[in-house]
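Protein chains in written order, with this note's numbering: chain A, 79 to 441; chain B, 3 to 556.
FYI, nobody ran anything at the bench for these hints, they're computed from the structure. One thing to keep in mind: the hints can contain errors.
Stated by the list, open to error - Below 20 Å or equal to it, Euclidean Cα-Cα: the simulated DMTMM-like pairs (lysine to aspartate or glutamate) are: (1) A:Lys143 <-> B:Glu430; (2) B:Lys26 <-> B:Glu530; (3) B:Lys26 <-> B:Glu526; (4) A:Lys294 <-> A:Asp277; (5) B:Lys248 <-> A:Asp277; (6) A:Lys295 <-> A:Asp277; (7) B:Lys352 <-> A:Glu158; (8) A:Lys143 <-> A:Glu158; (9) B:Lys248 <-> A:Asp232; (10) B:Lys194 <-> B:Asp535; (11) A:Lys198 <-> B:Asp245; (12) A:Lys92 <-> B:Asp118; (13) B:Lys26 <-> B:Asp118; (14) B:Lys352 <-> A:Glu152; (15) A:Lys198 <-> B:Glu526; (16) A:Lys198 <-> B:Glu430; (17) B:Lys194 <-> B:Glu469; (18) B:Lys550 <-> B:Asp535.
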Amino acid sequence: MSQISPVIWQFLVKWMTNFALFPPEASRIAPQMDALYFFMVLVSLIGLTIVILLVTSFSILYSKKRHPVAVQIEGSTLLEATWTIIPLGLFLVMFVWGALIYFRVYTPPANAMNIYVVGKQWMWKAEHPGGQHEINSLHVPAGRAVQLTLISQDVFHSFSIPAFRVKREAIPGRYTSVWFEATTPGTYHLFCTQYCGTDHSHMIGDVVVLTPDDYKKWLASSTSGASLAQNGERLFASLSCAACHNTRPDARGPSLANVYGSKLRLTSGQTVIADDAYLRDAILNPSQHITQGYAPIMPTYQGQISEEGVIALVEYIKNLDSDYRVQQTTTTTDLLPQSEGKAAPAGQNAAGKDPAGQGMVKQ
Amino acid sequence: MSSTIVSLPDQSTARIPKVNFLTKENGLLSWLLTGDHKRIAILYLISISFFFFIGGALAGLIRLELLTPQSDLMATDTYNKVFSMHGIIMIFFFLVPSVPATLGNFFIPMMLGAKDLALPKVNLLSWYLYVAAGMLALYAMITGGVDTGWTFTTPLSTHYVNTNVITTGLAIFIAGFSSIFTGLNFIVTIHKMRAPGMTWFRMPLFVWAHYAASILMVLGTPVLAIALVLVVLERTVGIGVFDPAKGGDPLLFQHLFWFYSHPAVYIMILPGMGVINEVISTFSRKRVFGYTAVAFSSVAIAVFGFFVWAHHMFIMGVSNYAVLVFSLLTMLVAVPSAIKIFNWAFTLYKGSITFETPMLYSFGFMGLFTIGGLTGVFLGTSGTDIHLTETYFIVAHFHFVMVGGMLMAFLAGLHFWWPKMTGRMYPEKISQLAAVVTFIGFNFTFFPQFILGTLGMPRRYASYPPEFQVLNVFSTAGATILGVGYLLPVLYLTWSLKYGEIAGNNPWQATGLEWQTQSPPLTENFTEIPIMDHEAYDYEWLERQKEKEVTSVG
Ligand code: HEM
Ligand SMILES: [Cu+2]
Ligand SMILES: [Cu+2]
C-alpha cells in the first residue's frame with residue numbers, strides 16, 4: 079500500500095497540474111470573443127434551467143399520483159408568441175455581436191505587418207518579410223498587428239491559434255488572411271484543424287510571442303541573409319520576367335512599379351484591384367485576365383514556381399510601389415538591429431547566398 | 003392511484019393473436035420478397051442495429067486511442083480510417099434511416115389508417131439498396147478502409163489519398179437512393195393514402211415530422227449524389243471541377259456537400275422529434291400543446307434548413323456578406339427548435355404524467371437536445387464560430403443533437419412501439435435503468451468535449467497535447483458507461499420476444515390509430531378501414547371508446 083500511494087499521488091499531481099479548463103487569452107480579440115462566449119453560456123444556462131425547471135416541476139405537480147385526470151389545453155397564442163420572440167431576440171443579439179467580432183477578426187488594420195504562411199502535408203512554413211523562414215513555429219512581436227496571408231500547397235489546412243481565438247483555412251490556389259495582435263509574451267499552441275490526411279495530428283507547432291526587444295533579437299539571429307523581396311527579385315531575374323517587364327519605352331509588358339493596390343482595366347472591360355491574390359493569379363494564370371493595351375503573350379508559370387517562390391515574387395512586386403516600399407523599409411528597419419531589411423537594387427543580387435533556383439519547383 | 007398507465011390484458015388468458023403480420027407467411031423468402039411495410043421495417047431494424055454496433059465498436063476504438071496523448075494504440079493512418087468509417091456508418095447507415103425506415107415505415111401507414119405505403123415494391127427496393135450499399139461500405143472497410151472523414155473534403159479525397167474513396171462514395175451514393183425512395187414513398191402515402199376523415203390537421207405530429215424530413219430527403223440527397231459522382235470523376239478521369247490547377251474551385255465541393263449535409267442533419271432529427279410528440283402526449287394524457295405550431299415548426303425547419311449550409315464554411319474564405327446572411331438564417335432556423343422544446347414542456351402542464359421508459363428517454367432527449375441546439379447557436383454566431391469550429395466543440399455539439407437527440411428519440415420510440423410491433427412488453431424496471439445509465443454515460447462522454455473544444459483541441463486528432471488528457475479520460479470513461487447503456491436494451495428486448503408480458507392492443511392507452519388494432523397487427527393492418535372522426539391526441543374520445551366497448555360487451 080505505502081509503495082503504491084506515492085505513485086498514484088504523483089500521477090494525480092501530474093494530472094492536475096497539467097489540467098486546463100479555459101484557454102489563455104493572449105490576443106487583443108480574445109477577451110472580446112470571450113465576452114460574447116460567456117454571454118452565450120449565460121443565456122444557455124438560463125434557457126436550460128428554465129427547461130429543466132419546467133419539466134421537473136410539471137413532473138412533480140402533475141404526476142399521475144397527484145393529478146389523476148389531465149386537463150386538456152389546446153395551446154396559448156400568448157405563451158407561444160413569448161417563446162418564439164424571446165429566443166429570436168436573443169439569437170439576433172448574438173448574431174449582431176458575433177458578426178462584429180467576425181468582421182474584426184478578418185479585417186486587418188492598414189499598418190499590420192504581413193507574414194506569409196504556406197501549409198502543406200504536414201507542416202506549416204512561415205515566410206517573414208525579412209527573409210526569416212520557419213517551419214511549424216511562428217515568432218511574432220507582442221503589441222503589433224500581424225497579418226497572416228495563408229495558402230496551401232496541396233489540400234485544405236486550417237491555421238488555428240486557440241490562445242488568440244483566431245483560425246483561418248489555408249486553401250489551395252487562393253490566398254486567405256487573418257490578423258491578430260498578440261498581447262502576452264509566451265509560447266502557445268498552433269494547430270492544423272482542418273483534417274488533411276495521415277499526419278494531420280502532427281501538423282502542430284508553437285506560436286512564440288516575444289517582447290519587441292526579444293523579437294528584434296530573434297529577427298537578427300534567424301535572418302537568412304536576404305529579405306523575402308530580395309529573394310523575389312532574384313527569381314524575377316532568373317525567370318527573365320524583366321525581358322518584358324522593364325521600364326523601357328518598347329517594353330512588351332506593363333511596368334510593375336506601383337501596380338500593387340492599383341486599379342487595372344482588363345480587355346474584358348472589368349476593372350480589378352491588384353491585390354496579393356491578383357498578382358499571384360497574374361503570374362500563374364496570365365491568360366485569364368489581360369490588362370488593356372497589352373497582348374496576351376505572358377507565359378504561364380504554373381508548375382514552375384513553388385508557392386514560396388510565388389510569395390517572394392508577389393512580395394517583390396508589392397515593394398516596387400514606392401510609397402509602400404518606404405513604409406515597408408522603415409517598418410522592417412526599425413525592427414532590425416542594422417539596416418538589413420533594405421532591398422538591394424535590381425542587378426546586385428549576385429552576392430546572395432543561394433540565389434536563383436531558390437523558390438523554384440523541384441521536379 | 004397507481005403510477006403507471008400500463009393496462010395489460012389478463013396474462014393467464016391472453017395470448018398473441020394467431021394471425022398477424024409475423025405469422026401470416028413463413029420462410030426466409032416470405033421475408034425477402036415481402037411488400038409489407040411492417041416486415042420491411044423489421045428488416046430495416048435488424049440491419050440498422052447491425053450497423054449501429056459496428057459503428058459503436060469503431061467509436062470504442064477511437065475513445066481507447068484518445069485515452070493517452072500519444073497515438074500509441076494505432077498508427078495515425080489507422081486512427082483516421084477508424085473515425086472516417088465510424089462517421090460514415092453512423093450517419094449514412096444508422097442515423098439517416100434509423101427512425102424513418104423502421105418506426106416511420108411501420109407506423110405511418112397505420113397512423114393514417116392505410117393498409118400499406120403507397121409503393122410497397124419501392125419500399126422493398128429501398129431496403130435492398132440500403133443493404134447493397136451497406137455491404138459495399140463494409141467491403142470498402144475490410145479491404146483497406148477510407149480515410150477522408152465522412153465529409154470527403156476535396157482535394158484530399160480526390161488527389162491525395164489512395165484508400166477506397168470510390169467504393170465508399172459509391173456505397174453512399176446507393177444509400178442515398180434508398181433514402182430518396184423512402185422519402186418519396188412517405189410523401190405519396192401521406193398525400194394519397196389517408197383514411198376517410200384523416201385531414202392534414204388530424205394527422206399525428208409524427209407524420210408531420212416525417213413529411214418534413216421526406217421533403218429534405220427527396221430534394222437534398224440528389225445534390226449529395228452529384229457531389230459524390232463529381233468526386234469519383236475527378237479521381238478517375240480528372241475532370242478538374244474542384245481542382246484549382248485546372249481552373250476548378252475547391253470550395254464548390256464544400257457548397258455541394260453541405261447543401262445536402264445541413265438538411266441531412268434535420269433528416270436525422272425531425273423524425274426523432276416526431277417520436278417525442280407521441281411519447282410525451284401519451285404519457286401525460288394530453289394533446290400536444292400548440293399542435294399547429296409544432297406541425298408548422300417542422301415544415302419551417304425543413305424549408306429554412308435548405309438555406310443555411312454555408313455556416314459550415316465560415317472560415318473557409320466565403321465572402322463576409324455571405325457569412326452575414328448565413329449566420330442570420332442559422333439563427334432563424336434555431337427558433338423552431340426552441341418552440342418545440344417549450345411546447346413539449348407545456349404539454350406536461352396539467353397532464354397526468356407517468357414515467358415509463360419511453361418517457362424517460364424523451365426527458366433525456368429534451369435536456370440533451372436543448373444543449374445541442376443552444377451550442378449550435380454558438381457555432382451559428384459567426385464570431386465565436388471562428389474559435390470553436392473544427393474543434394471538439396463541434397464534435398460535442400453534433401453528438402448532443404444526434405446521439406443525445408436522435409438516438410434517445412429512437413430508443414424512446416422503439417420502447418414505445420415495441421409492444422405493438424412484437425405483441426409483448428419489454429421489462430420495465432431494467433429498461434428504466436438502461437435509460438438512466440445512457441443519460442449519465444452520455445453526459446460523461448460528451449460534456450467534457452465542450453470544454454476540450456473551447457480549449458482548442460482539434461477534432462480528428464490521433465494525438466494531442468498532454469494538458470487535454472484529464473478531460474479525455476473522463477470522456478472515455480463515460481463512453482464505457484454509455485456502451486453498457488446500449489447493450490442492455492439488446493439483451494432485454496431479445497429476451498422479451500419470448501418472455502415479455504402479452505401487451506394487448508393498447509397497453510399505453512394511446513390515441514393513435516395504430517393502437518386501435520391488434521398487436522402485432524394483421525398484414526393488412528385493420529380489419530376494416532378506420533374512419534377518423536376525432537382530432538389527434540383526443541383522450542376523451544378514447545375514454546368514450548372504452549365505455550362503448552364495455553357496454554357492448556356487457
Ligand atoms: C438547433 C439548431 C442547430 C443549429 C443552430 C446548428 C448549428 C450548427 C452549425 C453552425 C454548425 C457548423 C459548425 C462549424 O462547422 O463550424 C453545425 C455543425 C453540425 N451540426 Fe448542427 N446545428 C443545429 C442542430 C443540429 C442537428 C439537429 C443536428 C443533427 C441531428 C446537427 C448536426 C450537426 C453536425 C453533424 C455538424 C458537424 C458537421 C461536420 O463538420 O462534420 N446540428 N451545427
Ligand atoms: Cu490538418
Ligand atoms: Cu449545418
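Which of the numbered hints above does this structure break? Hint check: 4, 5, 6, 8, 12, 15, 16 and 17 fail, others pass.
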